[in-house]
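Residue numbers (numbering that gives the first Met the number 0), protein chains in the order written: chain A, 0 to 181; chain B, 0 to 105; chain C, 0 to 709.
Errors might be hidden in some of the hints.
Stated by the list, open to error - In silico BS3-like pairs for lysine-lysine, Cα to Cα no more than 25 Å straight-line:
1. A:K178 x B:K92
2. C:K490 x C:K596
3. C:K596 x C:K176
4. B:K92 x A:K179
5. B:K92 x C:K677
6. C:K596 x C:K586
7. A:K177 x B:K92
For the record, the hints were derived by calculation from the structure and aren't laboratory data. On a predicted model such as this, the values are computed, not experimentally measured, just so you know.
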Amino acid sequence: MLNLEIIIFGALALITVVAAVMMIIARNAVHSALFLVVVMSSLAVFFLGLWAPFIAMVQVALYAGAIMVLFLFVIMLLGAERAGARLLLAWQAPLAIGLTVLVVLLGALLLLNTAPFEVVDLPAAEITEGTAEAIGQALYSVWLFPFEAVSILLLVAMIGAVVMTRQETRQEARDERKKKSL
Amino acid sequence: MSNTSFVALFPLFIGLSVVLFSLGVIGVLVRRNAIIIFMSVELMLNAANLAFIAFARSFNQIDGQVFVFFVMVVAAAEVAVGLALIVAIFRSKQSINVDDINQLKG
Amino acid sequence: MHEVSSEVPQVFQYAWLIIAFPFVGVLVNLFGGKNRSEKTIGWTAVFFATLAFAVSLVVVITLIGLPPEETKLNAGFDVPLFTFFSIGETTVEMGLHIDWLTGVMLMVVTGVGTLIHVYAIGYMHGDPRFQRFFVYFNLFLAMMLILVLANNYLMLFVGWEGVGLCSFLLIGFWFEKDANGNAAKKAMVANRIGDYGVMLAMFAMLIGLGTLQFAGVFEAAEHGGFEAWLLPAITLLLIVGVTGKSAQIPLYVWLPDAMAGPTPVSALIHAATMVTAGVYLIARSEPLFHAVSEVQALVGTLGAVTAVWAGLIAVAQFDIKKVLAYSTVSQLGFMVAAVGMGAVVAGVFHLMTHAFFKALLFLGAGSVIHGVEHGHHHVAHAKHDAHSGHGDDGGHDAKRDHPAETEFDPQDMRNMGGLRQRMRTTTIVYLIGSLALMGIVPFAGFWSKDEILYFASEHGAVILVLLLVGAVLTAFYMTRQLIMVFFGQPKTEAAAHAQESPRIMTVPLLVLAFFSTVAGFLNAPLLGLTPFTGWLEGPEAHHEFDLTRALILAGLATGLALLSVFIGYLIYRPKAQKAGVDDPLRKLGFVFTALNKKLGVDEFYGLLFVRPFIWLCNFLAWVIDWRFWHDWFHDRAIRDTFLKITDFLANPIDKLVIDGAVNGTGRLVAWASGGLRKLQTGFVRSYALLMLAGVVLVVAWFTLIVLQGR
Chain A
0 MLNLEIIIFG ALALITVVAA VMMIIARNAV HSALFLVVVM SSLAVFFLGL WAPFIAMVQV
60 ALYAGAIMVL FLFVIMLLGA ERAGARLLLA WQAPLAIGLT VLVVLLGALL LLNTAPFEVV
120 DLPAAEITEG TAEAIGQALY SVWLFPFEAV SILLLVAMIG AVVMTRQETR QEARDERKKK
180 SL
Chain B
0 MSNTSFVALF PLFIGLSVVL FSLGVIGVLV RRNAIIIFMS VELMLNAANL AFIAFARSFN
60 QIDGQVFVFF VMVVAAAEVA VGLALIVAIF RSKQSINVDD INQLKG
Chain C
0 MHEVSSEVPQ VFQYAWLIIA FPFVGVLVNL FGGKNRSEKT IGWTAVFFAT LAFAVSLVVV
60 ITLIGLPPEE TKLNAGFDVP LFTFFSIGET TVEMGLHIDW LTGVMLMVVT GVGTLIHVYA
120 IGYMHGDPRF QRFFVYFNLF LAMMLILVLA NNYLMLFVGW EGVGLCSFLL IGFWFEKDAN
180 GNAAKKAMVA NRIGDYGVML AMFAMLIGLG TLQFAGVFEA AEHGGFEAWL LPAITLLLIV
240 GVTGKSAQIP LYVWLPDAMA GPTPVSALIH AATMVTAGVY LIARSEPLFH AVSEVQALVG
300 TLGAVTAVWA GLIAVAQFDI KKVLAYSTVS QLGFMVAAVG MGAVVAGVFH LMTHAFFKAL
360 LFLGAGSVIH GVEHGHHHVA HAKHDAHSGH GDDGGHDAKR DHPAETEFDP QDMRNMGGLR
420 QRMRTTTIVY LIGSLALMGI VPFAGFWSKD EILYFASEHG AVILVLLLVG AVLTAFYMTR
480 QLIMVFFGQP KTEAAAHAQE SPRIMTVPLL VLAFFSTVAG FLNAPLLGLT PFTGWLEGPE
540 AHHEFDLTRA LILAGLATGL ALLSVFIGYL IYRPKAQKAG VDDPLRKLGF VFTALNKKLG
600 VDEFYGLLFV RPFIWLCNFL AWVIDWRFWH DWFHDRAIRD TFLKITDFLA NPIDKLVIDG
660 AVNGTGRLVA WASGGLRKLQ TGFVRSYALL MLAGVVLVVA WFTLIVLQGR
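Let the hints inform the model, and build the full structure from the sequences given.
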């Protein structure tokens, strides 16, 4: 039965898939990044519909905002919109697509042949909505330890990124000195 | 989203997740631009996130959403390190074509 | 007779010190004697010999104090030391056996040994291997003491071999001369033949009697219960050993040649102590010989024949030491004859007196040689004025200093004469020793020889006559020697300038001369003095002593000896000697020549044993070893076959099969890795694709399982 929600879903899903395909096939990396933003934004809408407003908000702010800005920033910084003409593994593309389709089909076959997943339908009042409050409660009680661990992971990643660029700086300084002495 | 439509839509959410994930895989395998490969990885992560959220909704559990939160954090860390790497590689190779980076020697 | 007293006197527990002291001397001089002065080395050796003598003296005094029936021959005391080995039922316990026979031997070995040690300090003066000499000497003493103190045949054999070794080392002491080395080898070989006899005898004891302990063996021999051949076999084999060690026919030939060693060695080893080991062995094994009268008769005859045989040869020798050497063989014949007849006391008594006077004679001879060499050295220096100063300190080793003077032989009696004027002490003691040896009243030799003759008269006419002939010959050749050496006019410049030996050599001579004079009274039945018999045989052994017969025999022997001396004087008195003839006996023609050539025994042995042996050696070496073994067997049979096999293994097997397999494996790996290398492209995307392929496979596998499960 075709109601409004399904139509919206269909439309959004179509946009998402098309944007994803475009992201892959776009020649220009900047275009790819923008298409990815589209994908992420529409996913945020899906999250909203799936009663996860906090995640949807984070999706927009973090992914579509921060991460994608970072991507775009790097692309612009390096001027690497195009990877260059060198094409070594031409045969890989059809093979990869074929294999992916194969695995999807196999997975489908697998799923179809297992016991079907029963989706329980709950009344709206009983559904736990993923609000900031609910997520916060979960994070600071049950998931406290992983939460702290992840904070350390972020710290390490940050230091890693800094160190990597710093080393390069030194290397460049050395090269500079070499050039001068030459 | 109402309950009735969710029951009907749930397989489609999973299907959408599968499609996006597959597209991410193809992107990783097909593209040579390291940044686009990265973005494809992000796409795969997002597809997984979608599946997480959908299952969380179906089990009526908040934990799925918490997990998505963690995935996002990890993705952020990954992007930070990954992009730093790309910048470093580009500095030495003047290229972000992964096919150019086929030697351990810098 | 064989019961061993249960109570061993405390003193005897320390009797092992007698053996230990000379060994300590060996070690001290061996490790501490390098670069020490002659005095230090010599007196160290003498010190340890004296210590052994002192302990021996204590032992003998203790023996005197004990009841005689406990200490007589083969009663005595066993002092166990340690278990040498134990195989199955057979156990050999090392231990000391102390009875009067041991006591007498101890006194002879340590007493005479110590005196000769002292003498050697003077005699060996200036020798470059002074230290080694005294190490050997102390070692000899220790070995000889092991021999006489042993309480079993194996330990006795240890000493037996040890003295043989020392004898070999000391005969060849001046090994720079080939003759000395050959003499040493000859002694070794002759002794080895005898030693095999002793070894076989021991094996026979182990097989037949199951023990090597004296007590056990004698007890078993007494009680019987074994096969009839056993005792004759054992005794005959022991006799073989005796003929080797104690220089009896047919193995005596080594002893005269052994005079190549330094004179103290001749005196100590080849006259006084070692050569009496055979006599000791027969005396110790008396219970065995007692049981086999045929062998006893054989031994008696053997000894008597040896006595005459060697006496004859001694008559025609010119070397002063050779005369004494054959005299020793002859006297050993007397002893062997005595112990062979069962007259152990007489034999051992003669052994003891002989040890004194023969050591005296040898040392006297050494003194003579020393003096003549001195004189010769003096003359040589006087001639060669280039060597200014008298420098007559060279002594006997002048030969080594002046190789040009080797033609002169200071041991040849033809080079002597008239020494009595120059060497007074030596002359007197030599005279005493000679009289003792001849058996003239009242010197030691008379009493002991008379005792043997008395027993011989009880035993049978043949041996008695032979021994009397031996005694007559002894008197004759000693007279000859005395006149040639000490009387008349000096025959050479060297003899005219001879010089008396230093005090350190003459003092031992005087001590020995004293004992050669008085030792006989230890057993003088004519005077009623028989303590020696009492010691060895115990109080209950009361021989019927026929005084009349003893007197007749003594008179006969002395008369014959004196007659012989007179004849000798007539022949050799200075007036009778015509110019140009070195020995009046040359008139005897070929007889003298034959005797002078030692009756050709060496040549006979050479023809009978040595030549065939050398031929056999050559045959073995050239035909068997070289042609057959080396050329044919090694080169042809083994080497060529081996080469063929290795060739086969090397070329087809190794090169084709083994190498093929190895190289094939290598090539396979190289080929496979060459193929796999293509996967390692370095392209990250390829790796990712492979990952995907893996995922496909896994999912496909799951699907397969699920589909099959339906």
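Status of each hint after checking the structure:
A C-alpha spacing of about 19 Å is found between A:K178 and B:K92, which places the hinted pair at or below 25 Å, so the restraint holds. For the hint pairing C:K490 with C:K596, the CA-to-CA distance comes to about 23 Å; that is within 25 Å, so the pair holds. Of the pairs offered as hints, the one joining C:K596 and C:K176 holds, with about 22 Å between alpha carbons and a cut-off of 25 Å not exceeded. Between B:K92 and A:K179 the alpha-carbon distance is near 22 Å, which keeps this suggested pair within the 25 Å criterion.
Under the criterion of a C-alpha separation no larger than 25 Å, the hint pairing B:K92 with C:K677 is consistent with the structure, at around 24 Å. Using a Cα cut-off of 25 Å, the hinted pair C:K596 and C:K586 holds, with the two alpha carbons roughly 16 Å apart. Of the supplied pair hints, the one linking A:K177 and B:K92 holds, its CA atoms being roughly 19 Å apart against a limit of 25 Å.
Every hint from the earlier list agrees with this structure, and none is contradicted.
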